[in-house]
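Listed here are the chains, written in short residue letters.
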Amino acid sequence: MATTGDTIQSISAYLGVKCGKITYDGPEKIPVMKGKTGTRKGFTTILKHLARAAEKQNLIGENLGEKAVVDQWLEFKTCYIDRCGAEKDTNQILKELNTYLSDKVYFLSHRVSLIDLALYYTLYTTIKELTFYDKQKYLHLSRWFNNMQQSNSIRQSSLYITFSKTQLYSGSAH
Amino acid sequence: MASGKLYTYPGNFRAFKALIAAEYSGAKVTVDTSFKFGETNKSSDFLAKFPLGKVPAFEASNGDCVFESNAIAYYLGNEQLLGKTQTDSARVQQWINFGDNEILPASCTWVFPCLGITQFNKQDTEKAKELIQKALTVLNNYLKTRTYLVGERITQADIAVACDLLLAYQYVLDPSFRGSFVNVNRWFTTLINQPQFKKVIGDFKLCEKMAAFDAKKYAELHGGDKKKKDDKGGKQQKKEQPKQQPKQAKKEEPAAEEEEPKKKDDKDPWAKIVKSDFDFDAFKRCYSNNDTIPVALPYFWEKFDKNTMSIWRCVYKYPEELKLTFMTSNLVGGMLQRLEKLRKFAFGSMCVLGENNDNTISGVWFWRGHDLAFELSPDWQIDFESYEWTKLDPDAESTKEVVKEHFAWEGDFKDMGGKTFNTGKVYK
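Going down the list, the protein sequences come from chains A and B. One point on numbering: in the working numbering, the residue at position 52 of the first sequence is 52, and numbering is uninterrupted. All you need for the working numbering is the position in the second sequence, starting with 1, plus 1000.
Here chain B stands alone, though its shape is the one from the complex (with noise of 0.2 Å):
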């Protein structure tokens, strides 16, 4: 039988996953108390062993180490969790899986903004109460005849799926809106209070009134303390770390709570980045007032400075919902409308290219520093979470093509699956 030692910070949805089931099969786990987030999963110790540097992760008493709470939770099951035959193994691996990908990111994009951890994106979040309710709606239809996930018995599938619907049940899923999914409610009420789940979880109480997205808190967590940001690592630690976090802000600085907001208003977003020869309205007059080939892309090489600026692309993450192209266009119209202030130190060109029913967006941008402009401020934030970022170096051929293809709104943009320009907005 394994036994080994878990490292988790306190009440981590993913580490639950394998304690229960530790708990099923009688796995020895012990959690690591010493454990402290953000200081001994980045000692050099914890990285030789789990290079990501992220928890859950687990060292067996004999030496193995595994990282990934799903896997985890695999190496300390046994043949009733994991499935007795071929088949049920593949239909606990199936819920896995829906659990991680049908569940868990809308999960985390409705919850997270309550908890203050993420910025509030109104699209994204309706976006993320669709995919909820539908993922919620299979289940439901599922289990109708079913008590379990697989076969007549609790298995791994049930366990990972209500870890994953943990975060939801707790903060967002109030009476009337989980109202009509009986099934799964029975099933998650069942589980959750199940004598090996309630040693891991402790008593669980169902959400009673929907929360909604905290901006004081937000203001708390990232407003000004930028440096703790970077200690913490950035956005992808925060995700691990859903729960401690806005406590440890909290009992910091409890009386900034109230100047935070005037603050940022006087503000210049702009402040803290460097500063940079490179003259963003003498380019947006040249590239306004001259052809773009022969004039205002040379002048833009000559006087780019790669040193204090970037150059970004960006690609619509959604394409299949696009319809017809000048929706497309309005869209973007309404992007560029958001971003007041931007406008100082930065300039994009956004195309849509392809045709009714079948059209994406492509951009191409560049402003002052090197990290992506729109964390600079929350003002920004509403639109840029939709499109995928990527900054691109400013010496490759392969960039000067994208410009070119970009500021000039013709060429083969070949990277787009040979969809046509059609029609572009320019952010100046």
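Excised from the complex, chain A in its bound form (with noise of 0.2 Å):
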């Protein structure tokens, strides 16, 4: 799983607004920036100031029931996430991704979102080193994956994935 600094920097590198060093406060390891602006400490506020700092507030939602779905996931990521330790735990986790996404492109409405980008980049290396065999156990969260991973902007210099459109085991894998 990739670090939470790690994960912000690639936000603000695909929002194109520079975001500095990210420093970890305490055992929590609570992300904290400093900017010119002040200090920002914590993943949700760090993501959201970006977002504003780059005028694309539809990213946080529109209205005030998008605005909760964007603080309940970015919530799950930085509660849940974060503190996988097991292979069993991420495994839990992708299963509940995986069944949100049964019907639906993206998390949050029809578009793309701050949400998406966060567990884009939080992924990536879960999802990389998962089987052929799990991504299609895990169909709809791949579906969801391969999609995203088509813009450049959002990819940037990751390497692609290679997901299969068609299925290579048959029986209980989904």
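Quick caveat, the hints were computed from the structure, so don't treat them as lab data.
Taking lysine to aspartate or glutamate and the DMTMM-like style, the derived pairs with C-alpha atoms no more than 20 Å apart in a straight line are: (1) A/LYS165 to B/ASP1088; (2) B/LYS1144 to A/ASP134; (3) B/LYS1205 to A/ASP103; (4) B/LYS1428 to B/GLU1410; (5) A/LYS104 to B/GLU1152.
Chain B side only, calculated, beta carbon under 7 Å to chain A, not exhaustive: (6) THR1145; (7) THR1147; (8) GLU1152; (9) VAL1182; (10) THR1190; (11) ASN1193.
Far from chain B, by Cβ distances over 12 Å, these chain A residues were calculated: (12) GLY5; (13) GLN9; (14) ASP25; (15) LYS34; (16) LYS36; (17) GLY38; (18) THR126.
Glycine included, every Cβ here is placed at the ideal spot set by N, Cα and C.
Assemble the dimeric complex from its two separately framed chains, guided by the hints.
Set out below in structure tokens:
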């Protein structure tokens, strides 16, 4: 799993704004960003600040309902994904995300939002290591990820991850 | 970049294909607001540019004229929409055709009766439902691992197929029917919520409750006001104009709604057809009591009046579904039974040709008038659409042969692929 700092760096590159160096505070390793306009602390706070700085408010949500969904998933990232220790935990997370995406193209509404970006960078290394068998198991998550990586500005310098569009394994895989 | 003027009536899902493509490519398209359906497209000026007189039709600012929605969309599209490689372009084309052939006909058969545009036929509707189910299953499996139909971005394939599904999603695909097609639903809702789609279609509401055949609406549109039907140019045109017409008709005669069904009961469907001197009963007696070839046929050709009558040939459209010959024969029997009143001024001979598991139906009819008699009364319309009807020229030699074969129930039925006569039924 990518470190919180790397995820923030990637998103700021996508947004085209500078974020400087990210340091960590305390035993919980809370990310801190020091900029000219002040210091921001915490993953969600920093991301929202960056989106506003890039004048891409719609990434944060256009109304209260959408904003709540963004908050919910960023919190999910900090509270659950970041604290995954064992493989079992990771699998549980992937399974949940897969279920959520079974009837959706993006996490929020019908467009790319901060959630998609945050989760894409956070999960990149995890998904890269998945076997084809697992990719098929997390079919909906794979479809979402594959759609995300098609954009050069999102994928940036990282490698394409290959997904199979045909079913490779029969039986209980999905 | 292409720019120009699009002719269409509002809410035309075919025009949407082109308009959405323009939204994506940035082509500058204006919809001609002065367009009046049935007037503008019938004007000689319009027909000179678009001989079919159908919409959508597109006139580019450089003078290019393009008709057919998919072609217009192609004209207005960009590389992303049309496919960047030859393979992608082929795939885009594949899905466009899939929409036109697998979805659209069935979807119209199913939805149009609900809007009162066409008459309801239970068999056809059930069949259409099956076809839609099949097409959606194919789409659903395909979209399981894909976000969009071709590549990972929206292409003309998505635009065209989504537009072909608009009517169905709006009127008949209720939550329980569409429930199992999760992937299609995801794909469809994502598309219709894209800003480029929304700009053209507006806010789209998915069907809550499956619409059913609306007899009242149908009567309102078709009953009594045959004149209006003619003005509109018959069936073909109506297909091109699914939504506007019900509204128009409603405005014009809201009071006629309740009286309509009563009137119909005591009206003789034949009343409007020219009288003919041909005595149907006499011919039927002659045919029943004498040998066909030496007596009845010469009698028929002698008395036949080509000014007031017409001869028709029908061939069953779905022979691949016919299994055992006796079942085919029952199918014909059922059809003839349902045609009361037509009897008065019509005669027909239906032949089942072939053998078990390889048979078809072919028939020859004649009746008063020069148009398809079944259209005179809704009571007669249950089966006739399952057949391909062609009017025969009474003076042609080939007609004499076909009539002879069908009335005498013998001959080699050459044009039916060598199938031999099995059983026959006469409508008299």
